[in-house]
Structures are given as structure tokens and as C-alpha cells.
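Note that the protein sequences, when read in sequence, are chains A and B. All you need for my numbering is the position in the first sequence, starting with 1, plus 1. All you need for my numbering is the position in the second sequence, starting with 1, plus 152.
Be careful, since some hints might not be right.
Unchecked claim - Straight-line distance between alpha carbons at most 25 Å, and here's what the computed SDA-like set of lysine to any residue pairs gives:
1) 143/A <-> 321/B
2) 695/B <-> 654/B
3) 489/B <-> 143/A
Derived by calculation from the structure, the hints in this document are not laboratory data.
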Amino acid sequence: MKTEPNKSLRQFQQVHEILEANGNNKARLIPILQQVQEAYRFLPPQVLTYIATALGMPIAEVYGVATFYAHFTLEAKGKYVIKACDGTACHVKGSSKLLDTLYDTLKVTPKKNTTDDMMFTVEAVSCLGACGLAPVMMVNDKVYGEVSSDRCREILKAIMEEESVVKE
Amino acid sequence: MSENLKTIMKTMNKATLEKIRDEYKSASGAVSKRIIVCAGTGCIANGSLAVYDALKEAVEKSGASLFVELELDQHDCKDKVHLSNSGCQGFCAQGPLVNILPDETMYVKVKPEDALEIIQKTVLNNEVIDRLLYVNPANGEQSRGQLDIPFYKLQNRLVLGECGHVDPENIREYISHNGYFAAEKSYNTMTDEQVCDTILESGLRGRGGGGFPTGRKWHLTRVVEADKKYVICNGDEGDPGAFMDRSLMEGNPHRVIEGMMIAARAINADEGYVYVRLEYPLAVKRMRKAIEDALEAGILGDNVFGSGRTMHIHVMEGAGAFVCGEETALMASIEGKRGMPMPKPPFPAECGLFEKPTVINNVETLAAVPLIVRNGAAWFNQYGTATSKGTKTFALTGHVANTGLIEVPFGTTLREIVFNIGGGVMDNDGKISSKGFKAVQIGGPSGGCLTVEDMDLPLDYDNLIAKGAMVGSGGLVVMNQESCMIQIARFFMNFTQNESCGKCLPCREGTKQMLALLDDIIEGNATMKTMDLLEEVGHVVKKASLCGLGKTAPSPVLSTIAKFREEYVEHIERKHCSTNNCKALMDITIDAEKCIGCTACARKCPVNAISGEKKKPHSIDPALCIKCGECHKACKFNAVMGF
Numbered sequence: 002m003k004t005e006p007n008k009s010l011r012q013f014q015q016v017h018e019i020l021e022a023n024g025n026n027k028a029r030l031i032p033i034l035q036q037v038q039e040a041y042r043f044l045p046p047q048v049l050t051y052i053a054t055a056l057g058m059p060i061a062e063v064y065g066v067a068t069f070y071a072h073f074t075l076e077a078k079g080k081y082v083i084k085a086c087d088g089t090a091c092h093v094k095g096s097s098k099l100l101d102t103l104y105d106t107l108k109v110t111p112k113k114n115t116t117d118d119m120m121f122t123v124e125a126v127s128c129l130g131a132c133g134l135a136p137v138m139m140v141n142d143k144v145y146g147e148v149s150s151d152r153c154r155e156i157l158k159a160i161m162e163e164e165s166v167v168k169e
Numbered sequence: 153m154s155e156n157l158k159t160i161m162k163t164m165n166k167a168t169l170e171k172i173r174d175e176y177k178s179a180s181g182a183v184s185k186r187i188i189v190c191a192g193t194g195c196i197a198n199g200s201l202a203v204y205d206a207l208k209e210a211v212e213k214s215g216a217s218l219f220v221e222l223e224l225d226q227h228d229c230k231d232k233v234h235l236s237n238s239g240c241q242g243f244c245a246q247g248p249l250v251n252i253l254p255d256e257t258m259y260v261k262v263k264p265e266d267a268l269e270i271i272q273k274t275v276l277n278n279e280v281i282d283r284l285l286y287v288n289p290a291n292g293e294q295s296r297g298q299l300d301i302p303f304y305k306l307q308n309r310l311v312l313g314e315c316g317h318v319d320p321e322n323i324r325e326y327i328s329h330n331g332y333f334a335a336e337k338s339y340n341t342m343t344d345e346q347v348c349d350t351i352l353e354s355g356l357r358g359r360g361g362g363g364f365p366t367g368r369k370w371h372l373t374r375v376v377e378a379d380k381k382y383v384i385c386n387g388d389e390g391d392p393g394a395f396m397d398r399s400l401m402e403g404n405p406h407r408v409i410e411g412m413m414i415a416a417r418a419i420n421a422d423e424g425y426v427y428v429r430l431e432y433p434l435a436v437k438r439m440r441k442a443i444e445d446a447l448e449a450g451i452l453g454d455n456v457f458g459s460g461r462t463m464h465i466h467v468m469e470g471a472g473a474f475v476c477g478e479e480t481a482l483m484a485s486i487e488g489k490r491g492m493p494m495p496k497p498p499f500p501a502e503c504g505l506f507e508k509p510t511v512i513n514n515v516e517t518l519a520a521v522p523l524i525v526r527n528g529a530a531w532f533n534q535y536g537t538a539t540s541k542g543t544k545t546f547a548l549t550g551h552v553a554n555t556g557l558i559e560v561p562f563g564t565t566l567r568e569i570v571f572n573i574g575g576g577v578m579d580n581d582g583k584i585s586s587k588g589f590k591a592v593q594i595g596g597p598s599g600g601c602l603t604v605e606d607m608d609l610p611l612d613y614d615n616l617i618a619k620g621a622m623v624g625s626g627g628l629v630v631m632n633q634e635s636c637m638i639q640i641a642r643f644f645m646n647f648t649q650n651e652s653c654g655k656c657l658p659c660r661e662g663t664k665q666m667l668a669l670l671d672d673i674i675e676g677n678a679t680m681k682t683m684d685l686l687e688e689v690g691h692v693v694k695k696a697s698l699c700g701l702g703k704t705a706p707s708p709v710l711s712t713i714a715k716f717r718e719e720y721v722e723h724i725e726r727k728h729c730s731t732n733n734c735k736a737l738m739d740i741t742i743d744a745e746k747c748i749g750c751t752a753c754a755r756k757c758p759v760n761a762i763s764g765e766k767k768k769p770h771s772i773d774p775a776l777c778i779k780c781g782e783c784h785k786a787c788k789f790n791a792v793m794g795f
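This is chain A alone, in the form it adopts within the complex:
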């Protein structure tokens, strides 16, 4: 396969800008990774290498940080990241049912948690801090409270319908 000569350069342009904006500062590694992940939706290995070289750090150290924190992912996530809360309050109010509904409806598992069309990723998180409304789930930055299995299916359906409209 032929590659365009400038393609790889263009790929790193955004990373380069993020590094510049953070002053190529080693101590800002976590914000840098956050911003890169926001731009690419995940942390591709070649980008980690690029960051390590730019900051003058061993690749292993950058990789170590990227794999330590739950937020960072080395695999591409879906467009909609669904965080289902499994904190104490949600747990006692039945969050495991909610998770089952998500897994069943989207046909994903805890191990393979992204749908094939790269639309949804399902994650169980420890606490979203909206315990008064348990069980809670979050779709990207939007929080939904008191999510029953039925309500969960409705929310997913609404997103899917919206997406199919966009596609057409």
C-alpha cells in the first residue's frame, strides 16, 4: 500500500500542537495525554512514542502512565462512551441490572466493550457522584439519573435514531 508522503506528518500535527500548548513540559504529561486522547479518541502507540521523544522521556515511562490510569485507552473507543455507575449507592439500587441491559442491548461484553460500528463503548465505573439518583449512567458528558432497564433502552434508541438521521 502506498502512503502519501505527508500523511504521517499530518497525523502528528495535532499532537505537536498539543505538546507546544503545554510547553513540552514533562510534568504536564497527564493533561497532554488527555488532550491527545480527546483528539484521537484513544492513544495510538506511535503517538505515545512521539510524545516520549518530544518530552525526552523513556517510552516505557509514558506507556506506564498511559496504562496506569483508567481513563486512558490504547484501543479506539466508540463515539458514545457510556459510563454505567457501579458505586455503592447505585449497586444497592440495582446497577448490575442496568449493566446487563447495556451489554444485552448493544451486544458487547465487559472484555469486548465497544460495538463493531465504533458507536458505543460501555464501561462500568466506580462512582459518578450522583448517588442521590441511583442508578446512574453517563453518556459522554451527560448524566442520566434513575435509569431503569426500560429507560436505558429508550436512551440508547434515541441516540441510535439520531445517528441514523445524521448518516442519511
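Position chain B relative to chain A; hints supplied.
Just chain B now, kept in the frame of chain A:
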């Protein structure tokens, strides 16, 4: 911000603060009505932003004049309606909440469709809409507002005081509630030593869990000579079931900033970090906005209140690691490293962030500081018990009627919190049940359980430690009789197992083994030796781990064993879970009255455990049953019981 205001703020000192406060107060005193819509995470999730928009539209339609932001000129405000958002008002289960002042009328579960009626009746004609008032589920009594709803009436909201009232994105409103006066006082009229002494005298102890005296921590950092010092606000609220820090950062971010400024003054630091959990995007946004506004107003910056001192604050977002709530791990994370704890000493007071002396305090601790400096140590001292001064916020959740965020003085009993403020325990169907109370889990994954016996125990740091629990960050999860305590213990064990950073063996491997032992109990593979081993491993993990995460990880297990030993024995010896939560131990039976003998279940059963004649009730042989649930799925009459 108007040009006029910008000029005033250029010379930020006490007189400027007073001017802003007085002008804002008289302006807000002149408006005819103030409508406050709760915009905490909980109420937003329930749709409060749509309610806000609908109210705005309804005011405009009605012809009344509306303010979204108050202007300084008070003549303009006369007879107008002031509509604003607030941070968390605490009563999350009843959201979206709309509070109308000066009447003190509070509407609960408001929908956008109600907006027009609220404006026409309540705002313009002072009529109360009964339909939207809070009704106490325990006795059916209706309450008008925060002054008579038991949930609020029985609280002592000091730290949460302005939270849920002020507009978190309006710095002038914070100043109008005497905000930043304490910071000004500490920078211009007090010495660093005096600030530390005041906090020490107040008896304030760390609200993040440890309970170390804040004043002493500050003194230790103050006396270290260094060219650079840092203040860190720990907003990495990871305990599942706790959300007081989120509410404070969302609802009153300026109070947190003011607390950080005073801490910086006390130790002579000039830079601070607020470390906020990634899961709290709204808190990040509001903290950032508040810092920008304080900087623009000349409160933060290179010449704080004309004292010649510098103070800058940055917001750092976490990346999803519970262990970063531990102070040394948190500092490693700010430095861009893996968030792993370091042995202490050296303590952060000597060698903290970037190897400089650092004070690190929890959000709630810092939010209490401005009140103490403003009102004096003795004022703060009057609340609480002999060893635990002041008030504590608790996140009251689980099987309780009024879930939400509460604040009570230390020494309040569990009975008061659960039954009077919380409105009583609910069963799984959402009904109040008088005998439903089983336990309260306090302090999250580091804490333990309290039971009926502890109902009248005054809650404070030391009483809870004595009971094998801890205040922790203040999560209070109420559980009813239908909850299985072994499942709860397993839940926390699974949590700490996942979040163990892996640095030291007792925590990394010990939690894994404890989890496996708990699974044995839940799956019916345990003997009484399993429980002895579980306790033994628990004590090792507790003694031999490096940081707080490992040291307290066995607490939920040890505490449930101590309080609910019989329930463990029941699981182990009788292979039975009386609350029917453990799938492998369930009693699965066929209800003879519902069963019509269609044989659908018997045909599906993979192990032929179901027998019976056609058209007659069937039965399950428990010795053969593997509890796969196929019979339950096959039955059209809901006759298979136990799932």
C-alpha cells in the same frame, strides 16, 4: 463584566469588597422575586436546565422584567424578577428543585410545563401551587419550603451554607455573602502564625478521612524554610457513595478558592493546584471559571489584596485512579507520573509537590476555613463533640426516603440522620418500612457498617474508629433488610482490588485472595475455615500495606464479619442466603398455586431436576438443580420463585 466594574476591581481591597457587597445586596434586596433553579449534577440529570429555560421564557411572556445577572444600579432592579441557577441544593431525590425567594417557597420535581403556572401564580400573584410542594412520604404532610421541610430544618448547613443559593458562576454574589473578606483579613491583618493558630484553636480536622488536625498540618509546613511552597486542594473524591466535594466545587467554587488562599497565606505559598476527578466535568468547568473570575477581579494574581503577595491556582483533572486520593499518589499524578503512593516520612510538609513543602487539604476542609477566619475559632468550636469540632457533610444514599447531601454537627446520631432527616428506610419497592433498617455503610471502601445497636451513637471521628468504621469522606449508604451483607463486602473488596495500584504485595495479592474467599462463600464452596482465613488475611493486609487504601481495604469485610457473623455462618454452613441475593444459594421452588403443569420448564431443564405430572403442579429437586434460571425464563405464569 461592565467597564465600570472593571475599574472598581482594579484596586481590590477591603473597601472594594465592601462596595461590591453593599451594592449587590441593595440591588438584590430591591428585586421583587428571586427564582433559583438547582443546577447541580443531580438536578441537571433530572432536566433542570430545561426548567430554567422554560421559566425564563415564561417570565418574558408574562411581561415582567427579568434579570439573569444583577446590575449594580439598584434603581433598575425594582420590581423585577431575578432568575438564576445554583449549585446543588442537596435534596437530589426531589429534583429538579426550584426555590422562590423571599417567600421561601420550594417546588420539587418541577417540569418545564409547570413554568408558566409558577410565574403567573407564585411569582406575580403570591399564590402557592400545592401540587408542586414537597410531601413527606412518611406521614403525608406537605411542606412549604426549606424552613419547614424536615430534611432541611434539622440540618446545620455551615459549609454548605451558600451552596444551592448563590449563583456559582457569579463572583459578585459570593462577595455579597461576605465572600473573600476572610482572605483579605488573612493577607492584610494577620501573620502566618496567627492564621495557623486560629485554625488550630478551632479544632478543625481533615474532612477527607484521616482526621488530622488542619492547624497542626499548616504549622508544620509553615516552619519549613523554602523558596517555594504549594497548596493542594484534594478534590479526587473517589469513594463510591460520596459526592460532597463535587457539590461544593459545583455549588460554591469561590469558597474553595478562598480557603486555598488562606492556606497559602498561612504557609507562605504562592501557587496552588485543585485536583478534580475526571468524572466531575461540571466541577472542573465551574472551578476553572471561578479561578478566571477571581483573577480578573484582582483577587488572585501577583498582588493579592494589595499585600504584595502572589497567589495563582491551577486546575488539574485526574485520569481515573482511586489511589490518587492518597496525598503522595496525588502529588505524583500532578507531576505527570503514575499515581503510586510513597512511604512517609518525608511528609508533604517537608517534601511534597515537586519536592517542595506542600499543604494538601480536602475540599470540605478548605471550604470550612473562610468561615473560621471570618467568625473566629470559638464560633466554630461551639459545634460538635469534645474531639471532633464543627459540622460534617454526609452523602445520604441507598434505601432511604430522602437521598441527598446533608450537613450536621459532629455528635448527631444515626437515628436522627436516617429517620428524621432521611425520612426513614425504604423497602425494595420504594415504600417506607418501619422495620426495614439493617445497616448503614459509612466511609466507603475504607469504612465499615453500623447496625441497629449503633443507632444512638454520637457520630464523630473517634467513636466511629472504636466501632471499626470511620468518617471517611462521609458517604452514608443506608441498607434495608433485603440487602445481603456478604454481597456488600464483596462489592467493596472488588472495588479496592480493582483500584489497588499494585505497588506493595499485601494489598495487591491480599485483596485478590480476600475476594476469592468471599466468592467461595457466595458460591457455596466455603467451610468455616474460609472465614478464619479471610479474617487472617484481612489483618495482614491491614498491618502490612503502605498507604491508606491497603490499610483500610479489609475494613468492610472485617466489619461485616464482626457485625453479621451469623449471616456469614448461614451462607457457609447452611448454604443459604436469607435475603436471596446470592444466586448460587437461592432457594428455587415452584409456586403450586400458579403452576398449571404445562411442562415447559421440565422440558427446558438441562439436568432434569423438575418433575411432575402433566396439568399438575411440578416441583424442583434442590439436589439436582444448578440454578441456571432456564425454568424461570420458560415459565409464562411466573410460577418459578427465587430468581
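Now for the hints, and whether the structure bears them out:
{"no.": "1", "hint": "143/A <-> 321/B", "result": "holds, 20 Å"}
{"no.": "2", "hint": "695/B <-> 654/B", "result": "holds, 16 Å"}
{"no.": "3", "hint": "489/B <-> 143/A", "result": "violated, 29 Å"}
Of the numbered hints stated above, the single one contradicted by the structure is hint 3.
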